[in-house]
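Colleague: Protein sequences, first through last, are from chains A and B. The first sequence begins at 1 in the numbering used here and counts up by one. The second sequence begins at 1 in the numbering used here and counts up by one.
Just so you know, the hints here were simulated from the structure itself, not pulled from any lab data. From a predicted model like this one, the values you see are computed outputs, not experimental measurements. There's no promise every hint is true.
No farther apart than 16 angstroms at their CA atoms in a straight line, the calculated lysine to aspartate or glutamate pairs in the EDC-like style are these [to be verified]:
id : chain 1 : residue 1 : chain 2 : residue 2
1  : B       : Lys125    : B       : Glu55
2  : B       : Lys207    : A       : Asp116
3  : B       : Lys405    : A       : Asp81
4  : A       : Lys343    : A       : Asp400
5  : B       : Lys65     : B       : Glu76
6  : B       : Lys123    : B       : Asp377
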Amino acid sequence: MTDSISIMDRRKFIIRSAVLGCSAAASPLITPIALAQAPWEQRLVVIILRGGMDGLEVVRPVGDPLFSRYRPTLARGRGSDLDGFFALNENLSDLMPLWRAGELGFAHAVATPYRDKRSHFDGQDLLEAGTRTLKGAGRDGWLNRMLGQVPGVTMKTAFAVGHGDMILLSGDVPTSSWSPEARLDLSPRGRRLLEVLYHDDPLFQEAGRTALEMTGVPEGGGGKRASGNEIMAMMMRGARAVRAGSLARFAAERLNEDTRIAAFSINGWDTHRTQTNGIRRPLGELSDAILTLRKGLGANWSKTVVLAMTEFGRTVRENGSRGTDHGTAGVMLMAGGALRGGKVYGRWPGLGESDLYQNRDLLPTSDVRAYAAYAMRGLFGLERGVLERAVFPGLDMGEDPGIIA
Amino acid sequence: MTNQFQAMAAIRYGFGLSPLDEPPASVQDMLNRLSGPDRAAQRWPIAGFEQRARETFALQDLRRKERKKGKTDISEVKKLYHALSRGLMKDLGASVQRAIGGDDAFRERLVRFWADHFTVVAKGKGLRFVTTAYVEEAIRPHVTGRFSDLLKSADTHPAMLVYLDQILSIGPHSPIGKRSGRGLNENLAREIMELHTLGVGASYTQKDVRQFAELLTGLFYNFRTGSKFRAAAAEPGAETVLGRSYGGGTASIADIHAALDDLARHPDTARHIAWKLAVHFVSDNPDQGLVDHVAATFRDSDGDLMAVYMALLEHPAAWATPGEKARQPFDYVVAALRALAVPPAYIGRLKPVDIRRWLFAPMAVMGQPWQQPNGPDGWPEETDYWITPSGLAARIEWALMAADKLGRRTDPRELARRALAGGADARMLQVVGAAESRREGVALVLASPEFNRR
Numbered sequence: 001m002t003d004s005i006s007i008m009d010r011r012k013f014i015i016r017s018a019v020l021g022c023s024a025a026a027s028p029l030i031t032p033i034a035l036a037q038a039p040w041e042q043r044l045v046v047i048i049l050r051g052g053m054d055g056l057e058v059v060r061p062v063g064d065p066l067f068s069r070y071r072p073t074l075a076r077g078r079g080s081d082l083d084g085f086f087a088l089n090e091n092l093s094d095l096m097p098l099w100r101a102g103e104l105g106f107a108h109a110v111a112t113p114y115r116d117k118r119s120h121f122d123g124q125d126l127l128e129a130g131t132r133t134l135k136g137a138g139r140d141g142w143l144n145r146m147l148g149q150v151p152g153v154t155m156k157t158a159f160a161v162g163h164g165d166m167i168l169l170s171g172d173v174p175t176s177s178w179s180p181e182a183r184l185d186l187s188p189r190g191r192r193l194l195e196v197l198y199h200d201d202p203l204f205q206e207a208g209r210t211a212l213e214m215t216g217v218p219e220g221g222g223g224k225r226a227s228g229n230e231i232m233a234m235m236m237r238g239a240r241a242v243r244a245g246s247l248a249r250f251a252a253e254r255l256n257e258d259t260r261i262a263a264f265s266i267n268g269w270d271t272h273r274t275q276t277n278g279i280r281r282p283l284g285e286l287s288d289a290i291l292t293l294r295k296g297l298g299a300n301w302s303k304t305v306v307l308a309m310t311e312f313g314r315t316v317r318e319n320g321s322r323g324t325d326h327g328t329a330g331v332m333l334m335a336g337g338a339l340r341g342g343k344v345y346g347r348w349p350g351l352g353e354s355d356l357y358q359n360r361d362l363l364p365t366s367d368v369r370a371y372a373a374y375a376m377r378g379l380f381g382l383e384r385g386v387l388e389r390a391v392f393p394g395l396d397m398g399e400d401p402g403i404i405a
Numbered sequence: 001m002t003n004q005f006q007a008m009a010a011i012r013y014g015f016g017l018s019p020l021d022e023p024p025a026s027v028q029d030m031l032n033r034l035s036g037p038d039r040a041a042q043r044w045p046i047a048g049f050e051q052r053a054r055e056t057f058a059l060q061d062l063r064r065k066e067r068k069k070g071k072t073d074i075s076e077v078k079k080l081y082h083a084l085s086r087g088l089m090k091d092l093g094a095s096v097q098r099a100i101g102g103d104d105a106f107r108e109r110l111v112r113f114w115a116d117h118f119t120v121v122a123k124g125k126g127l128r129f130v131t132t133a134y135v136e137e138a139i140r141p142h143v144t145g146r147f148s149d150l151l152k153s154a155d156t157h158p159a160m161l162v163y164l165d166q167i168l169s170i171g172p173h174s175p176i177g178k179r180s181g182r183g184l185n186e187n188l189a190r191e192i193m194e195l196h197t198l199g200v201g202a203s204y205t206q207k208d209v210r211q212f213a214e215l216l217t218g219l220f221y222n223f224r225t226g227s228k229f230r231a232a233a234a235e236p237g238a239e240t241v242l243g244r245s246y247g248g249g250t251a252s253i254a255d256i257h258a259a260l261d262d263l264a265r266h267p268d269t270a271r272h273i274a275w276k277l278a279v280h281f282v283s284d285n286p287d288q289g290l291v292d293h294v295a296a297t298f299r300d301s302d303g304d305l306m307a308v309y310m311a312l313l314e315h316p317a318a319w320a321t322p323g324e325k326a327r328q329p330f331d332y333v334v335a336a337l338r339a340l341a342v343p344p345a346y347i348g349r350l351k352p353v354d355i356r357r358w359l360f361a362p363m364a365v366m367g368q369p370w371q372q373p374n375g376p377d378g379w380p381e382e383t384d385y386w387i388t389p390s391g392l393a394a395r396i397e398w399a400l401m402a403a404d405k406l407g408r409r410t411d412p413r414e415l416a417r418r419a420l421a422g423g424a425d426a427r428m429l430q431v432v433g434a435a436e437s438r439r440e441g442v443a444l445v446l447a448s449p450e451f452n453r454r
């Protein structure tokens, strides 16, 4: 394969170790981006927002007079008017041109079936599993099951560490001193022996093969593998958070070739305190990721949908430290040229005390999985029955919201 | 000659075998070492929390002043920052020394286990340089005591109160709450129940979390006075947590301690802790009989941790199914240094910059930046979380570096035999013996599945 970076065609990998896995994206250097080829032209990008994004902060119901009463300090932010009722958080104002072009939309008051315990870790497991309950969650992810329905799909998992885009690594730390060798300096014989050692241990065999590919001298001169220099540079600098923008740039490059599905995570949404400040960085990353995808995809943007979803929303009332605590329903962000945007989808439950879930959270009025299902139905033409049984077991997709243009 | 028990005791419950010391001969030997004095802590000291917090404050103060003045000269700030940063490297160095050189490796593993259970992430909120000190004073002295004491110590420690936002949580009807309009923050209350005690599967409700958060108001830390409680922020009235009522009189930390004691005693906590211990030490999918046995002992002994460890070690499943776990990067690095017969003094002589290059940075590339897991749930346990292409590439790279620096005179077959005892079979010895240099052979041993698993 001339294609460079760390290629793994074993599909299972995506499930647990890569993006769709439990909290695998936690570690900055193995912040992976999961990619898949598929026999169609449309592209789907899923961004998992870890930590519980506050939907009411991002798409603010400023038209509801109760909103500012629940959030005396947080509701002060101005933002951009969307439809006379909702306003978009000011940190996403760079996305307003997309909104006006119909390439940005939202689904409000959505949630996974996860209720009541409000644990990040279980919530994320369920979000990625796409199942109704936690029983059996964590075994495989919904994107993976969707691909399992399509013949001719191959999975790849690529790692930010193996990629040539090492701008995120450039900095002021010198790179030459701790080892004179500049690459993973194993002789061809050493490499072969390592393969022998890994031969009977499937986990090591697979990880080892990719590791050696990533750091190896290109065979036959094809492809542009990451050099030992780059690996070494990673070592020297230690872990540094991989920015969403660079993941998006990389994803766009792949999606312009034969990749059709990409998924990665953005962390940092757990805003228990001083939320106005705390949410600035993750929103900036999200905005950057979407703009980067749009720019990078060029003409292919018109065949693309991006779904950004989180494990749960947050409390309607701001808490004692100008933040919010774990809640239930929240917002999903959708973007892309293939989207019918310019609209806040979903049924607004209202903010009256009796309208709230447990007098505390925004009431979920639709299942976030239904939007993902309709996106895949619209993009890839998957049957409703397949989506409701195999991809999202037990989901009732309900009425078609018509999110795909 | 190392026997099978000794090899497993060292590999599963310690940091691997070293030619420089004798592994425990029996479970009783392990427990004897553990119940003796904590010699490693005395021998390789780590700075206290007060000191690191003070230094952090000095840095923050200076930054604030510089900002106010609008000064562009930041050399003073840099100087303080670098001093703290050097301190962090020294703290890591001392932690590695203890793990390499102590004759009580199980204690070191337990300290890491509990530090992870009560994670405070060394990132933001002024916590970057204080977490080693937090572990040293809030966790370490209690790992051989009662779970309830460990719980109270960790969850009322200033580092935890800052990390999980407890210092910002104010009873809305308390004097401070009424004056300022501020209120509750549920973060610590939820994580104590979900992560530190009952476990997410337990039968607590959102109402319990809320009531517990109200009870916890008042917990506070004033760095300047050292005071740990602020009655003026405590929500008045009694709170009901899991069916029991606490407080109601004059607010005091004793009510909070009482609730923590009850949480420590809850049967769900016993199950949760037993399961975590078994998962960490034995298998990602541990034997149910082992978990039940440890949980029963936890319950019957009222959380006496020595009895709990004994229950773990005396169960046959604790000595079965070797190699199901992967060594986490810290353990991996330490185990390699031990196998290569690196004495603690060697680490002691390293300059902070070398510790950063050889230990701190590589651990991060392997996926485990020192004391910076992603969240309060700590590091994942799953073997395939750790053995990924980039993680394994980093291990191989580090193994080559270590072989280069420390293993030039080591025979790879000898290394495999002494590091893995019976775990190195004839095929492995043959493969590592076939390397074209000692350096590569040594790296092969350290990069092998056998060495990376435990």
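Colleague: Against this structure, judge whether each hint is valid.
Modeller: Structure-based check of all given hints:
For the given pair, Lys125 (chain B) sits about 14 angstroms from Glu55 (chain B) by alpha-carbon distance, which is consistent with the 16 angstroms threshold. A C-alpha spacing of about 10 angstroms is found between Lys207 (chain B) and Asp116 (chain A), which places the hinted pair at or below 16 angstroms, so the restraint holds. Using a Cα cut-off of 16 angstroms, the hinted pair Lys405 (chain B) and Asp81 (chain A) is violated, with the two alpha carbons roughly 62 angstroms apart. Between Lys343 (chain A) and Asp400 (chain A) the CA atoms are separated by roughly 15 angstroms; this keeps the pair inside 16 angstroms, and the hint holds.
Taking the CA atoms of Lys65 (chain B) and Glu76 (chain B), the gap is about 11 angstroms. The hint holds against a cut of 16 angstroms. Restraint check: the Cα-Cα separation between Lys123 (chain B) and Asp377 (chain B) comes to about 15 angstroms, which is no more than 16 angstroms; the hinted pair holds.
Hint compliance for this structure: hint 3 alone is broken.
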